[in-house]
Amino acid sequence: MRGPYTPGELSLLPGFSIRSLVCPEDLAGSRGADWREVRSVPELAAAAGMPAGPGLAEDADLRASLRGALAGLLDLVTGLLARRRGPASAPPEPPPPAAPEPAPEPIPVAIVPEPPPPPEPVPAAVVPEPALPAPEPAAAAPAPEPEPPLPVPEPQLPTPVPEPPAPEPLPPVVQTPVKFAPPRWRKAAVPAAAAALCAVLLVWALTRKPSATQGPPATAPAAVPAVIPAQDCPPAPAPCPGPEAWNQDALDDRELDAIHLVRNCPAKGLTGSVGRTLDRKTARTGRFAPWTAARLSEDAFKVGFILPSRSGKQTFYEFEADLSRKKVTGRSAAAKSLLR
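Throughout, the working numbering is defined as the position within the sequence shown, counted from one, plus 22.
Treat the hints with caution; some may be incorrect.
[What the hints assert, rightly or not] When the alpha-carbon atoms are kept at most 20 Å apart in a straight line, the in silico DMTMM-like pairs for lysine to aspartate or glutamate are as follows:
#1 Lys335 with Asp301
#2 Lys290 with Asp274
#3 Lys358 with Asp301
#4 Lys335 with Glu320
#5 Lys348 with Asp274
#6 Lys290 with Glu342
#7 Lys358 with Glu340
#8 Lys348 with Glu320
#9 Lys324 with Asp275
#10 Lys324 with Glu340
#11 Lys324 with Glu342
#12 Lys290 with Asp321
#13 Lys349 with Asp321
#14 Lys335 with Asp274
#15 Lys358 with Asp344
#16 Lys303 with Glu340
#17 Lys348 with Asp275
#18 Lys349 with Asp275
#19 Lys303 with Asp275
#20 Lys324 with Asp274
#21 Lys358 with Glu320
[To be verified] Derived DEER-like restraints, expressed as beta-carbon distance ranges:
#22 Leu34 with Leu96: 47 to 57 Å
#23 Leu43 with Pro138: 39 to 49 Å
#24 Gly30 with Leu96: 41 to 51 Å
#25 Arg347 with Ala316: 40 to 50 Å
#26 Pro36 with Leu96: 44 to 54 Å
#27 Leu92 with Pro140: 15 to 25 Å
#28 Leu219 with Lys348: 25 to 35 Å
#29 Gly101 with Leu34: 21 to 31 Å
#30 Ser319 with Trp226: 23 to 33 Å
#31 Asp83 with Pro36: 11 to 21 Å
#32 Cys45 with Gly101: 48 to 58 Å
Honestly, the hints are just simulated from the structure, not real lab data.
C-beta: ideal position from N, C-alpha, C; glycine also.
Based on the provided sequences and hints, a complete structural model is requested.
This is the structure we're talking about:
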(Lines of atoms letter the chains of each structure in order from A and count residues from 1; the text may use other names and numbers.)
(Lines give C-alpha, C1' and ligand atoms only; values in the text may rest on other atoms or scores of the structure.)
Protein backbone atom coordinates (compact mmCIF):
# COMPACT_ATOMS: atom_id res chain seq x y z
CA MET A 1 0.00 0.00 0.00
CA ARG A 2 1.26 3.36 -0.85
CA GLY A 3 0.46 6.55 1.05
CA PRO A 4 0.87 8.88 2.56
CA TYR A 5 -1.75 7.99 5.18
CA THR A 6 -2.49 9.46 8.56
CA PRO A 7 -2.49 7.18 11.57
CA GLY A 8 -6.31 7.21 11.63
CA GLU A 9 -6.59 6.34 7.92
CA LEU A 10 -3.96 3.64 8.25
CA SER A 11 -5.83 1.90 11.05
CA LEU A 12 -8.94 1.66 8.81
CA LEU A 13 -7.16 -0.07 5.93
CA PRO A 14 -7.90 -3.82 5.44
CA GLY A 15 -5.12 -6.12 6.57
CA PHE A 16 -3.67 -3.60 9.00
CA SER A 17 -2.17 -5.25 12.12
CA ILE A 18 0.55 -4.75 14.67
CA ARG A 19 2.97 -6.74 12.50
CA SER A 20 2.48 -4.58 9.42
CA LEU A 21 5.61 -2.79 8.22
CA VAL A 22 5.51 0.99 7.77
CA CYS A 23 8.11 3.48 6.62
CA PRO A 24 7.87 6.87 8.33
CA GLU A 25 8.94 9.55 5.84
CA ASP A 26 10.36 12.97 6.55
CA LEU A 27 11.46 15.81 4.36
CA ALA A 28 14.80 14.12 3.70
CA GLY A 29 13.13 10.95 2.28
CA SER A 30 13.27 7.33 3.47
CA ARG A 31 15.55 4.33 3.14
CA GLY A 32 15.02 0.57 3.12
CA ALA A 33 16.36 0.22 6.66
CA ASP A 34 13.62 2.58 7.98
CA TRP A 35 10.84 0.01 7.61
CA ARG A 36 9.56 -0.94 11.06
CA GLU A 37 6.60 -2.71 12.61
CA VAL A 38 3.51 -0.76 13.66
CA ARG A 39 3.93 -1.57 17.34
CA SER A 40 7.38 0.07 17.39
CA VAL A 41 5.84 3.44 16.41
CA PRO A 42 3.97 5.02 19.38
CA GLU A 43 1.59 7.12 17.23
CA LEU A 44 0.52 4.17 15.09
CA ALA A 45 0.20 1.86 18.10
CA ALA A 46 -2.08 4.40 19.85
CA ALA A 47 -4.15 4.85 16.65
CA ALA A 48 -4.52 1.10 16.30
CA GLY A 49 -5.77 0.84 19.91
CA MET A 50 -2.89 -1.28 21.12
CA PRO A 51 -0.10 -0.67 23.65
CA ALA A 52 2.94 0.98 22.17
CA GLY A 53 5.94 -1.20 21.66
CA PRO A 54 9.54 -0.39 22.53
CA GLY A 55 9.70 2.91 20.60
CA LEU A 56 12.09 5.81 20.73
CA ALA A 57 10.70 7.26 23.96
CA GLU A 58 11.01 3.97 25.76
CA ASP A 59 14.52 3.58 24.41
CA ALA A 60 15.53 6.86 26.06
CA ASP A 61 13.99 5.92 29.40
CA LEU A 62 15.66 2.54 29.25
CA ARG A 63 19.00 4.11 28.58
CA ALA A 64 18.58 6.50 31.51
CA SER A 65 17.65 3.71 33.90
CA LEU A 66 20.60 1.62 32.72
CA ARG A 67 22.95 4.52 33.27
CA GLY A 68 21.60 5.08 36.79
CA ALA A 69 22.04 1.38 37.60
CA LEU A 70 25.57 1.42 36.27
CA ALA A 71 26.39 4.53 38.33
CA GLY A 72 25.09 2.92 41.52
CA LEU A 73 27.04 -0.25 40.81
CA LEU A 74 30.18 1.82 40.19
CA ASP A 75 29.72 3.63 43.53
CA LEU A 76 29.36 0.32 45.33
CA VAL A 77 32.52 -1.10 43.78
CA THR A 78 34.45 2.09 44.53
CA GLY A 79 33.39 2.02 48.21
CA LEU A 80 34.49 -1.59 48.60
CA LEU A 81 37.88 -0.84 47.11
CA ALA A 82 38.31 2.20 49.38
CA ARG A 83 37.62 0.14 52.49
CA ARG A 84 40.29 -2.35 51.54
CA ARG A 85 42.93 0.29 50.87
CA GLY A 86 42.49 1.99 54.26
CA PRO A 87 41.60 5.50 55.56
CA ALA A 88 44.78 7.20 54.15
CA SER A 89 43.46 7.38 50.68
CA ALA A 90 40.21 9.23 50.34
CA PRO A 91 37.71 7.81 47.91
CA PRO A 92 37.47 9.78 44.70
CA GLU A 93 34.35 11.72 44.18
CA PRO A 94 31.92 10.09 41.84
CA PRO A 95 31.44 11.86 38.54
CA PRO A 96 28.22 13.77 38.15
CA PRO A 97 25.51 11.78 36.41
CA ALA A 98 25.13 12.59 32.78
CA ALA A 99 22.08 14.50 31.76
CA PRO A 100 19.45 12.37 30.03
CA GLU A 101 19.24 12.84 26.33
CA PRO A 102 16.12 14.55 25.08
CA ALA A 103 13.54 12.30 23.56
CA PRO A 104 13.55 12.47 19.78
CA GLU A 105 10.62 14.14 18.15
CA PRO A 106 8.15 11.83 16.44
CA ILE A 107 8.66 11.56 12.74
CA PRO A 108 5.56 12.06 10.63
CA VAL A 109 4.57 8.97 8.71
CA ALA A 110 3.82 9.41 5.03
CA ILE A 111 1.67 6.58 3.66
CA VAL A 112 1.61 6.36 -0.10
CA PRO A 113 -1.80 5.20 -1.39
CA GLU A 114 -1.86 2.39 -3.89
CA PRO A 115 -3.17 3.13 -7.41
CA PRO A 116 -6.70 1.92 -8.10
CA PRO A 117 -6.95 -1.43 -9.87
CA PRO A 118 -7.65 -1.37 -13.64
CA PRO A 119 -11.29 -1.73 -14.63
CA GLU A 120 -12.44 -5.22 -15.48
CA PRO A 121 -13.33 -5.82 -19.17
CA VAL A 122 -17.03 -5.72 -19.91
CA PRO A 123 -18.20 -9.07 -21.29
CA ALA A 124 -19.74 -9.03 -24.76
CA ALA A 125 -23.46 -9.22 -25.10
CA VAL A 126 -24.71 -12.77 -24.93
CA VAL A 127 -26.76 -13.72 -28.00
CA PRO A 128 -29.71 -15.81 -26.88
CA GLU A 129 -29.89 -19.21 -28.52
CA PRO A 130 -33.07 -20.11 -30.38
CA ALA A 131 -35.41 -22.22 -28.35
CA LEU A 132 -35.71 -25.84 -29.39
CA PRO A 133 -39.12 -26.91 -30.67
CA ALA A 134 -41.16 -28.83 -28.18
CA PRO A 135 -41.25 -32.56 -28.91
CA GLU A 136 -44.47 -33.82 -30.40
CA PRO A 137 -46.50 -36.02 -28.07
CA ALA A 138 -46.00 -39.66 -28.90
CA ALA A 139 -48.90 -41.73 -30.02
CA ALA A 140 -50.72 -43.38 -27.23
CA ALA A 141 -49.41 -46.90 -26.79
CA PRO A 142 -52.04 -49.65 -26.94
CA ALA A 143 -53.02 -51.07 -23.62
CA PRO A 144 -51.38 -54.46 -22.92
CA GLU A 145 -53.63 -57.42 -23.28
CA PRO A 146 -54.27 -59.31 -20.03
CA GLU A 147 -52.46 -62.63 -19.78
CA PRO A 148 -54.68 -65.70 -19.69
CA PRO A 149 -54.80 -67.45 -16.33
CA LEU A 150 -52.57 -70.48 -16.00
CA PRO A 151 -54.32 -73.83 -15.64
CA VAL A 152 -54.31 -75.07 -12.09
CA PRO A 153 -53.26 -78.76 -11.93
CA GLU A 154 -55.60 -81.05 -10.13
CA PRO A 155 -54.27 -82.48 -6.88
CA GLN A 156 -53.10 -86.06 -7.24
CA LEU A 157 -53.54 -88.48 -4.44
CA PRO A 158 -50.50 -90.57 -3.47
CA THR A 159 -50.53 -94.08 -4.89
CA PRO A 160 -50.86 -96.72 -2.19
CA VAL A 161 -47.77 -98.81 -1.57
CA PRO A 162 -48.45 -102.51 -2.17
CA GLU A 163 -48.09 -104.61 0.92
CA PRO A 164 -45.33 -107.23 0.81
CA PRO A 165 -46.47 -110.83 0.57
CA ALA A 166 -46.68 -112.79 3.74
CA PRO A 167 -43.56 -114.89 4.42
CA GLU A 168 -43.85 -118.58 3.79
CA PRO A 169 -43.82 -120.74 6.90
CA LEU A 170 -40.45 -122.29 7.62
CA PRO A 171 -40.18 -126.06 7.71
CA PRO A 172 -40.06 -127.54 11.19
CA VAL A 173 -36.60 -128.01 12.63
CA VAL A 174 -35.72 -131.61 13.28
CA GLN A 175 -33.06 -132.16 15.89
CA THR A 176 -30.76 -134.99 14.89
CA PRO A 177 -28.41 -136.53 17.42
CA VAL A 178 -24.81 -135.49 16.93
CA LYS A 179 -22.02 -137.91 17.66
CA PHE A 180 -18.86 -136.27 18.86
CA ALA A 181 -15.58 -137.88 17.92
CA PRO A 182 -13.12 -138.52 20.72
CA PRO A 183 -10.50 -135.79 21.12
CA ARG A 184 -7.31 -136.16 19.14
CA TRP A 185 -5.07 -135.78 22.14
CA ARG A 186 -6.28 -139.12 23.48
CA LYS A 187 -5.31 -140.90 20.27
CA ALA A 188 -1.87 -139.31 20.26
CA ALA A 189 -1.29 -139.78 24.00
CA VAL A 190 -1.40 -143.57 23.93
CA PRO A 191 1.44 -144.11 21.40
CA ALA A 192 3.50 -141.42 23.09
CA ALA A 193 3.04 -143.05 26.49
CA ALA A 194 3.97 -146.44 25.06
CA ALA A 195 7.09 -145.04 23.40
CA ALA A 196 8.13 -143.29 26.61
CA LEU A 197 7.65 -146.52 28.54
CA CYS A 198 9.80 -148.42 26.05
CA ALA A 199 12.52 -145.81 26.32
CA VAL A 200 12.49 -146.05 30.13
CA LEU A 201 12.72 -149.82 30.00
CA LEU A 202 15.57 -149.63 27.52
CA VAL A 203 17.54 -147.20 29.65
CA TRP A 204 16.99 -149.26 32.77
CA ALA A 205 18.04 -152.46 31.02
CA LEU A 206 21.19 -150.93 29.56
CA THR A 207 22.25 -149.39 32.83
CA ARG A 208 21.68 -152.68 34.71
CA LYS A 209 23.57 -154.85 32.17
CA PRO A 210 27.02 -155.75 33.62
CA SER A 211 30.12 -155.91 31.47
CA ALA A 212 31.88 -159.13 30.47
CA THR A 213 34.64 -158.64 33.06
CA GLN A 214 32.27 -158.13 35.98
CA GLY A 215 30.48 -161.46 35.82
CA PRO A 216 27.38 -163.02 34.39
CA PRO A 217 24.67 -160.73 33.04
CA ALA A 218 21.94 -159.61 35.38
CA THR A 219 18.58 -161.21 35.31
CA ALA A 220 15.74 -159.60 33.42
CA PRO A 221 13.68 -157.04 35.34
CA ALA A 222 10.33 -157.93 36.73
CA ALA A 223 7.40 -157.75 34.42
CA VAL A 224 5.86 -154.34 34.17
CA PRO A 225 2.06 -154.27 34.33
CA ALA A 226 0.47 -153.53 30.99
CA VAL A 227 -1.00 -150.09 30.43
CA ILE A 228 -4.79 -150.15 30.35
CA PRO A 229 -5.88 -148.19 27.26
CA ALA A 230 -8.48 -145.49 27.64
CA GLN A 231 -12.01 -145.95 26.39
CA ASP A 232 -12.51 -145.49 22.63
CA CYS A 233 -8.72 -145.53 22.06
CA PRO A 234 -6.66 -147.86 19.89
CA PRO A 235 -4.71 -150.59 21.68
CA ALA A 236 -1.17 -149.76 22.82
CA PRO A 237 1.70 -150.97 20.60
CA ALA A 238 3.86 -153.87 21.66
CA PRO A 239 6.76 -152.97 24.02
CA CYS A 240 10.11 -152.25 22.46
CA PRO A 241 12.78 -154.95 22.55
CA GLY A 242 15.39 -154.51 25.27
CA PRO A 243 19.11 -155.24 25.26
CA GLU A 244 18.38 -158.95 25.84
CA ALA A 245 16.65 -159.14 22.46
CA TRP A 246 19.68 -157.57 20.81
CA ASN A 247 21.92 -160.13 22.52
CA GLN A 248 19.75 -163.00 21.40
CA ASP A 249 19.23 -161.86 17.83
CA ALA A 250 22.30 -160.17 16.47
CA LEU A 251 24.63 -158.83 19.20
CA ASP A 252 27.16 -160.68 21.28
CA ASP A 253 28.63 -159.75 24.63
CA ARG A 254 31.55 -157.76 23.18
CA GLU A 255 29.23 -155.61 21.05
CA LEU A 256 26.98 -154.96 24.07
CA ASP A 257 30.05 -153.96 26.08
CA ALA A 258 30.95 -151.48 23.31
CA ILE A 259 27.41 -150.00 23.41
CA HIS A 260 27.59 -149.67 27.23
CA LEU A 261 31.01 -147.98 26.96
CA VAL A 262 29.62 -145.38 24.53
CA ARG A 263 26.47 -144.75 26.58
CA ASN A 264 28.42 -144.25 29.82
CA CYS A 265 30.90 -141.87 28.18
CA PRO A 266 30.49 -138.30 29.55
CA ALA A 267 28.86 -135.82 27.15
CA LYS A 268 29.74 -132.18 26.54
CA GLY A 269 28.52 -129.74 29.16
CA LEU A 270 26.51 -130.64 32.27
CA THR A 271 24.02 -132.91 30.47
CA GLY A 272 25.43 -136.19 31.93
CA SER A 273 26.40 -139.17 29.80
CA VAL A 274 25.89 -139.75 26.08
CA GLY A 275 23.18 -142.33 26.71
CA ARG A 276 21.06 -140.06 28.94
CA THR A 277 21.38 -137.17 26.51
CA LEU A 278 20.22 -139.23 23.54
CA ASP A 279 17.44 -140.85 25.60
CA ARG A 280 16.02 -137.42 26.48
CA LYS A 281 16.10 -136.37 22.83
CA THR A 282 14.41 -139.64 21.78
CA ALA A 283 11.64 -139.22 24.38
CA ARG A 284 10.78 -135.79 22.95
CA THR A 285 10.14 -137.26 19.51
CA GLY A 286 7.93 -140.08 20.79
CA ARG A 287 9.66 -142.70 18.60
CA PHE A 288 11.97 -145.68 19.13
CA ALA A 289 15.64 -145.64 18.06
CA PRO A 290 17.85 -148.76 18.52
CA TRP A 291 21.61 -148.88 19.01
CA THR A 292 23.81 -150.78 16.55
CA ALA A 293 27.35 -152.19 16.87
CA ALA A 294 29.84 -153.64 14.36
CA ARG A 295 33.35 -155.09 14.92
CA LEU A 296 36.24 -153.16 13.38
CA SER A 297 39.09 -155.18 14.98
CA GLU A 298 39.56 -157.51 17.93
CA ASP A 299 38.91 -154.79 20.57
CA ALA A 300 37.52 -151.90 18.40
CA PHE A 301 33.82 -151.58 17.55
CA LYS A 302 31.74 -149.12 15.56
CA VAL A 303 28.64 -148.02 17.53
CA GLY A 304 25.78 -146.19 15.77
CA PHE A 305 22.57 -144.44 16.82
CA ILE A 306 19.92 -142.82 14.57
CA LEU A 307 17.94 -140.04 16.30
CA PRO A 308 14.47 -139.64 14.70
CA SER A 309 12.45 -136.41 14.58
CA ARG A 310 8.81 -135.48 14.13
CA SER A 311 9.52 -133.77 10.81
CA GLY A 312 11.09 -136.95 9.38
CA LYS A 313 14.68 -135.67 9.40
CA GLN A 314 17.15 -138.05 11.13
CA THR A 315 20.47 -137.36 12.85
CA PHE A 316 23.13 -140.11 12.68
CA TYR A 317 25.57 -140.53 15.57
CA GLU A 318 28.56 -142.84 14.88
CA PHE A 319 31.16 -143.61 17.56
CA GLU A 320 34.28 -145.83 17.80
CA ALA A 321 34.71 -147.76 21.06
CA ASP A 322 38.07 -149.30 22.06
CA LEU A 323 37.40 -151.87 24.81
CA SER A 324 41.07 -152.49 25.61
CA ARG A 325 41.83 -148.82 26.28
CA LYS A 326 38.27 -147.85 27.40
CA LYS A 327 38.26 -144.96 24.92
CA VAL A 328 35.38 -143.50 22.85
CA THR A 329 35.88 -141.22 19.83
CA GLY A 330 33.38 -139.65 17.43
CA ARG A 331 33.31 -140.67 13.80
CA SER A 332 30.43 -138.39 12.57
CA ALA A 333 30.03 -134.64 13.06
CA ALA A 334 27.05 -135.10 15.40
CA ALA A 335 29.03 -137.57 17.55
CA LYS A 336 32.06 -135.28 17.73
CA SER A 337 29.89 -132.33 18.83
CA LEU A 338 28.29 -134.46 21.57
CA LEU A 339 31.55 -135.67 23.16
CA ARG A 340 33.72 -133.49 25.34
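- Query: Is 39 to 49 Å a correct range for the gap between the Cβ atoms of Leu43 and Pro138?
  - Reply: Because 22 Å falls outside the window, the suggested range is violated.
Review point. Taking the beta carbons of Cys45 and Gly101, is their distance inside 48 to 58 Å?
Key: The hint (48 to 58 Å, Cβ to Cβ) holds, given that Cys45 and Gly101 are roughly 49 Å apart.
Measure nothing beyond the straight line between the CA atoms of Lys324 and Glu340; if it is 20 Å or shorter, mark the hint as holding. It holds: about 7 Å lies between the C-alpha atoms, which stays within 20 Å.
>> Please verify whether Lys348 and Glu320 have alpha carbons no more than 20 Å apart.
In response: Holds: Lys348 and Glu320 sit about 14 Å apart, inside 20 Å.
| said: Given a hint of 47 to 57 Å, does the C-beta separation of Leu34 and Leu96 actually sit inside it? | reply: 51 Å, holds
Pairwise hint evaluation, Asp344 against Lys358, where the allowed Cα distance is 20 Å at most = 16 Å, holds
20 Å limit on alpha-carbon distance, applied to hinted pair Lys358 and Asp301
18 Å, holds
Holds or violated: are the alpha carbons of Lys335 and Asp274 at most 20 Å from each other? With a Cα-Cα distance of about 30 Å, the restraint between Lys335 and Asp274 is violated, given a limit of 20 Å.
Quiz item: Quick one, are Lys358 and Glu340 close enough, alpha carbons at most 20 Å?
Solution: 9 Å, holds
Range hint 23 to 33 Å (beta carbons of Ser319 and Trp226) holds or violated = Since the Cβ atoms of Ser319 and Trp226 sit about 31 Å apart, the hinted range of 23 to 33 Å holds.
Using the Cβ atoms, figure out if Leu92 sits within 15 to 25 Å of Pro140.
60 Å, violated
* To do: With a cut-off of 20 Å on the C-alpha distance, tell me whether Lys290 and Asp274 pass.
  => With a Cα-Cα distance of about 29 Å, the restraint between Lys290 and Asp274 is violated, given a limit of 20 Å.
Hint check: violations occur at hints 2, 4, 12, 14, 19, 21, 23, 25, 27, 29, 31; the rest are consistent with the structure.
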